[in-house]
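6 protein chains.
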Amino acid sequence: MARFVAFGEILLRLKPPGRERLFQSPMLEAIFGGAEANVAVSLACFGLDTEFVTAVPDNDVGAAAIAELRRFGVGTRGIVRRGERLGLYFLEAGADHRPSKVVYDRDGSSIATAPQDTFDWNALLDGAAWLHVSGITPALTESAAALTLAACRAAKARGVTVSCDCNYRGKLWRYGKRPVDVMPNLVQHVDLLIASREDCEKCLGIAPAAGAQTDEALTAAVLERFPKLTAVALTLRESQSADRGAWSACLRDAASFCMSRRYELANIVDRVGGGDAFAAGLIYGWQAYADRSRALEFAVAASCLKHSIPGDFNRASVAEVEGLVHGDASGRVQR
Amino acid sequence: MARFVAFGEILLRLKPPGRERLFQSPMLEAIFGGAEANVAVSLACFGLDTEFVTAVPDNDVGAAAIAELRRFGVGTRGIVRRGERLGLYFLEAGADHRPSKVVYDRDGSSIATAPQDTFDWNALLDGAAWLHVSGITPALTESAAALTLAACRAAKARGVTVSCDCNYRGKLWRYGKRPVDVMPNLVQHVDLLIASREDCEKCLGIAPAAGAQTDEALTAAVLERFPKLTAVALTLRESQSADRGAWSACLRDAASFCMSRRYELANIVDRVGGGDAFAAGLIYGWQAYADRSRALEFAVAASCLKHSIPGDFNRASVAEVEGLVHGDASGRVQR
Amino acid sequence: MARFVAFGEILLRLKPPGRERLFQSPMLEAIFGGAEANVAVSLACFGLDTEFVTAVPDNDVGAAAIAELRRFGVGTRGIVRRGERLGLYFLEAGADHRPSKVVYDRDGSSIATAPQDTFDWNALLDGAAWLHVSGITPALTESAAALTLAACRAAKARGVTVSCDCNYRGKLWRYGKRPVDVMPNLVQHVDLLIASREDCEKCLGIAPAAGAQTDEALTAAVLERFPKLTAVALTLRESQSADRGAWSACLRDAASFCMSRRYELANIVDRVGGGDAFAAGLIYGWQAYADRSRALEFAVAASCLKHSIPGDFNRASVAEVEGLVHGDASGRVQR
Amino acid sequence: MARFVAFGEILLRLKPPGRERLFQSPMLEAIFGGAEANVAVSLACFGLDTEFVTAVPDNDVGAAAIAELRRFGVGTRGIVRRGERLGLYFLEAGADHRPSKVVYDRDGSSIATAPQDTFDWNALLDGAAWLHVSGITPALTESAAALTLAACRAAKARGVTVSCDCNYRGKLWRYGKRPVDVMPNLVQHVDLLIASREDCEKCLGIAPAAGAQTDEALTAAVLERFPKLTAVALTLRESQSADRGAWSACLRDAASFCMSRRYELANIVDRVGGGDAFAAGLIYGWQAYADRSRALEFAVAASCLKHSIPGDFNRASVAEVEGLVHGDASGRVQR
Amino acid sequence: MARFVAFGEILLRLKPPGRERLFQSPMLEAIFGGAEANVAVSLACFGLDTEFVTAVPDNDVGAAAIAELRRFGVGTRGIVRRGERLGLYFLEAGADHRPSKVVYDRDGSSIATAPQDTFDWNALLDGAAWLHVSGITPALTESAAALTLAACRAAKARGVTVSCDCNYRGKLWRYGKRPVDVMPNLVQHVDLLIASREDCEKCLGIAPAAGAQTDEALTAAVLERFPKLTAVALTLRESQSADRGAWSACLRDAASFCMSRRYELANIVDRVGGGDAFAAGLIYGWQAYADRSRALEFAVAASCLKHSIPGDFNRASVAEVEGLVHGDASGRVQR
Amino acid sequence: MARFVAFGEILLRLKPPGRERLFQSPMLEAIFGGAEANVAVSLACFGLDTEFVTAVPDNDVGAAAIAELRRFGVGTRGIVRRGERLGLYFLEAGADHRPSKVVYDRDGSSIATAPQDTFDWNALLDGAAWLHVSGITPALTESAAALTLAACRAAKARGVTVSCDCNYRGKLWRYGKRPVDVMPNLVQHVDLLIASREDCEKCLGIAPAAGAQTDEALTAAVLERFPKLTAVALTLRESQSADRGAWSACLRDAASFCMSRRYELANIVDRVGGGDAFAAGLIYGWQAYADRSRALEFAVAASCLKHSIPGDFNRASVAEVEGLVHGDASGRVQR
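Chains as they are written, first to last, in my numbering: chain W, 1 to 335; chain H, 336 to 670; chain U, 671 to 1005; chain E, 1006 to 1340; chain R, 1341 to 1675; chain F, 1676 to 2010.
Hints in this document: simulated from the structure, not taken from any laboratory.
There could be a bad hint or two in this list.
Okay, the calculated beta carbon distance ranges per label pair [claimed, not checked]:
| id | chain 1 | residue 1 | chain 2 | residue 2 | range |
| --- | --- | --- | --- | --- | --- |
| 1 | U | R752 | E | P1189 | 31 to 39 Å |
| 2 | E | E1327 | R | E1578 | 20 to 28 Å |
| 3 | E | G1175 | F | Q1791 | 53 to 61 Å |
Glycine included, C-beta positions come from ideal geometry on N, C-alpha and C.
Full structure from sequences and hints, please.
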């Protein structure tokens, strides 16, 4: 089985119980997450041979992050133990008119401070079929951006398919560069790009044209600007309140444009990781189905399911995602 | 006060916290439930003199099951201590597009392996007005089916009213017989039958006729097929997602057909036991109200309330159910 | 900065976990609340210099109540240690068709039994700009009613603005007087009155006229009846189920009548304290904005946010309330 | 089987988790206890037909207290629903040099305010073999003392054996009488008295004589002073720290004096209810064994086991207590 | 690195919180354990390349068991998905004079019912250096005993070192054979045997001789009786109460006898798995140290540390065990 | 009342439940602590007017730290909101032979990176009687050391008494200086020094002389080396295991040497903060008692009590500490 590699950061996530505000109770749920780690875990849950590449500190927190990845069957041989701390974030779950809230505490993390010779990409990509990165790691530090670029270049050079989720996070870009200074260069080495409308504008500088630009036009503009891309997936997340929204997406390649089914999300349990679940679903579908519109449907259904699962990770199986694709959303107890 | 007897199984129910998937946290909520025990507890909460008859092992798990029944005022003198284990089930609560999930672990339970002379029905039914059974116990083993049949026969012979909830569970019928091999024979001894449309087809072999068969026609077909029945209640559970649905039911006897009010369920807390709450509500209403349509309304409201209560048991009082029947669903804080 | 003083009771609130019924698990969430304390905490969270005046027992429970107020920055120098017990209440959170339920256990509390010389209002109101009371404390005992009246009189005499939330609680009025025997006298000393339609009828004896009396007419009637009032705010809480409802309000003074935006509440986390959050929002807005309709909008948005926060207290900042006023209810994660 | 009746109070017990101080976390363990209820539950756990007589309010708190008794098989038909509130107490578990701490909140409880005609002792004692009371209920109010006395008188008149545990609690005696004003009169109607050295002094006015009075002499003095007593048990609790101590007791009747084995308690989990476990053990042993020294050994072992069990109740079986009496304290896992 | 293989059962372990009795709270800690799995996890924590061979059901419970092993780095490719259920056990933690208590519920488990062709030992042992089994799996069923024997035979045939921990559990031997009918035959294929004194008697039929037989003599008797053994380790567990005891062991091979240091255990957190930690420590030490007495010291220290860790697994590193061996038991905070 | 000022860091402390290892469960207790904050909280619990001076980030984590201090009545006006993150540490509670373990994550904290003009010491010390610092903040960064020195200088210049707890933490000194390069200079400005034997060696370069140097000699050497000191307290912590140890201390000033009582600690609940509790006790005693040996006894008893309380803070009152000083360590329930 071909190997799938994700590169980026794994974070400790600290969240108060239920819908409480931060430190309302003297207790925090402590799990692991982070955009790229979320993709790796979901791919492993889909049964793919998956490896996660990152750096974590050589202490009990780093060891726990590795153990958690291992629990899902994610390969961890590519994880380097170095640096001083695991990045972490505090999450407060919103409700109704109160939005969820993230407080980042990732400065000085092992991956953010990793030098350029940290990873031996030739060895790490040996036998790999796919490399996934996101726009979050390049947002951390100049060196993390360079590491991401090096990974993509090495992959491209070996004929490994590269996917990238733009994942614009405005608060993270603080080292003096703007996303548009960095991301377009990275996208030169990408085959499958995932972006929201905001990502297109903030990371790629492709603002929606005035007035009623369609998704067809926007994705066409992306492919035109980045002709080496095989395809671009545009995620169409709608948000009505902290608990309610909808998910759909569209996919364009040179030959075609397709729009997915749209899922109403009426009771969101945890929206963090919803985009990562989409990315993993798309990667899985890309290699599992001949038909790219099926891959897209799989990805959207995977993301939809993620919203019902606590934590960053999409603990859903291929069978569960396909069950939803094929229409079983009745909610009857399965027994 | 006349005594109400339920016969069947009490199970240990193990569920992860909140909406988590199984074993996401190293903790399980551990309570007791099971279709027939649920009916007994609800009847006791309605103030009826109720007895539960089953077999549980002579260990701490069996003792805790008995203590829990006692807590609600259910009589436990008819419980025999025998066998090796209490059946149990794992429950994962779904959300939105992710359905709830049950993993049964009931093989070899005390009631499933109980020999035919375990219960002295003459003594157990002495002074009883009502016996309730369900189609779950007969699904376990040949001997459990025979025990259930013996209970119904003994009740019928003594003039005790017998109710049965068909409760089709496809995964449980594994001992070589199909429900249609067993349940029709049992229903011969029943006065009040409770069934869903699926139950009618799977347990009684009465499939909805092609196209648009009405509930009126289906219930008429049941009464025609089982002429000893006094009445049949058809439950009309609608499920839109793991959190949303609706409940209504209709009731037919020789003289009349009535359809209940329909309740929208917009925020289901725990749907397990919703059918059992209906059964208990119908039994309560049957003896409390001269008018059977009032009994039906009570039953549907009871089931509706159950969906808002965590656990298998319907911890609702007659006053609360009647409050809902008479229209107080405003949700204002009661103080 | 001018000082805001609230007078009334702080209670221990005991609630089972999640949506459980009382004592379903052997554990209770134990926090503090109570109408007037809720107003004080919200004012402090809005950054105002706030003081809470009450009596609590000289034991660990009273000490914890004071510590909790202090945590939010509420001044506690005006709290007298006396009496035998802190009042408490049990709260059961409803769901869907099952309403929430309060069991009061406040008899004999420190404030209910406090003698008339307990508080030195001249000292307590020195430097104060505002006094807030509610109709709950006067409901407890004759002496508590007299204490409340004395506070309002002292404030009025010093030129301190007085607000009062009628807060009718039928179950509390048990000492032989009806609210209409007590509250109108109190309102004589009030500048800003907050009431629901039910409050108008039960506390002020101003029943909605037959048929379709408008909110405009009702508030006009209140001002006519109590000419010393500067303004009256009428809260328009709608309740569809335990989880769903809507909030709006209107405000009338001598010169104008304005109606607020109406917020749908589709997933209520905790509705207790929603009215108190409105009162605090109105007091805050009254002094922060020249425009009273802006004050009203702030108050309604504050109340709306409170419904998403567990506990009695509205742990929301001015920035968060203004965010909602200005339309950010998209529910996207804030990161 | 003869019936055992205990009369007194059942309380709600609120305790922070583990060794935390009160309100360190916003959560309290909420269980039920109280000296006389503890005796009833332990007797029921020993398999005796036990009834508890008290008054509890007609609300959800009272209902939960009854349900909890029922769970252990204690009969609750003699419980009257009346009054305003269930008494409660806050418990903070000490550790090492920090003693445990109790904050009572029992004023105005249903039993403390119950009028003299609340209980029909003729009916309640019909068929009873034993009545147990304690010195705690008489400490609450004059009426509660009178109720206790009436119970003992009625029992004595019917030939029912009466036991009383003096249970001196200095903080509770606040209604104007001292224990020595009340308890000696009560003890006139008692057959089996249980007391500590402090109880003898504070409740009976029998102070240890100067210097080295022996337990033999003290118990002799008690029997001399109260000649109607059949026997007196003197509990000899030693306390070295919050976690460590020792238990032993001696028993004197007209014919003999015996001293029990002494148990070191090296890791006390919960010392509340240890004395009640002794009382229940003595009552059980009194009727189960011909030899009173065996009864005493059973009682001391029961109390010793209680110290290892969280909560007020002694959830230990006869087999477990006898196991300890017969020397199995090895601590090996029982499997 | 050579591979270490353990064969046996992994169980779900259900335990009430803290020192509570079973079902005192409606919550159970749900983790995984079982003698042989415990050895595998400890070996993986020591950094060895470890594989666990067993059968688990093809459901979510079986999947969680595998994920948990993976988390610690244990290889799970040798785990066969078959059968109906994962065995489980309930554990109640004792305290002081109350011993811990295990209620088994392992009947009909996947491994207990596995047919003889379930495992391909040639493949599983390919490249392996060590096989560990215990006397627990042979206690379950005749087929499980045969599977264990087959594993040992296959290992021996390939020159793989075989260790066996006798682990006598009287309650498990219920299929008609006694340990002495089965274990001696198994031990013929073992190189390193681990046994307690009770194991020697119950499993091997080697009762301590009358009077004061020494450990030297007993181990010599074992080696004499089973001449193919390289060595036998005798565990010397002392138990004073549920919380206190001591651990030491001795080791005999053809050439020498050595006795370990003895550790006082003054505050046992969890004694389950203490013996398995010893076994894993001995296996680790056997291959890590030239000197067998060092291996023994490592094993005893590992077991000692395990008693301070909640759960079945010994989550201790080589560095931590060696730290204890070399005398750092001061208990100062490591910072 | 004179004001007491402490300067240093407040940290978020993350600890797994009970005796679990880090990340054994996906939950962390999240409270606040840190050596100097601990002293401030304890002083406030003793009823002193206390102010804590530090820098915390302007986010929800910093806000919660301030709220927690406020809860205990600590003044927080001197806290500056700046920088990127609150320092934190992970704590694993040991047991028996397994020591507790701290993993620091304090790099880049608000106080560690604060520039020299962050605090206006003239304003902060206005009206102050006492300043307390520790050797932990100087260990963080060169700037933090300079801030501490500036604080001490400013205090000294104003005649404010200065105390310092050396608090050697080897792992923290990583910025290129050794404690002996920094601390002696700081101690020049100190009146009351607190140190352990290790502190004397590592921070002051005063190694115990060869062989049997007495505590008298060591403290004399400290006073000789730092003649501006009024007194030095030497803490004599003994540690036998993670749960057991002993506490005593001695105090030397120009005129006298006194040795405290020694407390056995047989069941340590939480040893973190034990030294800080001593420091606070000594500061309290210094101003409350004329007799310095009484101050020392108070300090040692305070530290002893702290070991029984979960969390960093010593939530003990003066009455409780004095209770222990005067000999009430019986452990009887206080009711």
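For each hint, the structure was consulted:
1. R752(U) / P1189(E): 31 to 39 Å: 35 Å Cβ-Cβ, so the 31 to 39 Å window holds.
2. E1327(E) / E1578(R): 20 to 28 Å: holds (24 Å)
3. G1175(E) / Q1791(F): 53 to 61 Å: At roughly 59 Å between Cβ atoms, Q1791(F) and G1175(E) fall inside 53 to 61 Å, so the hint holds.
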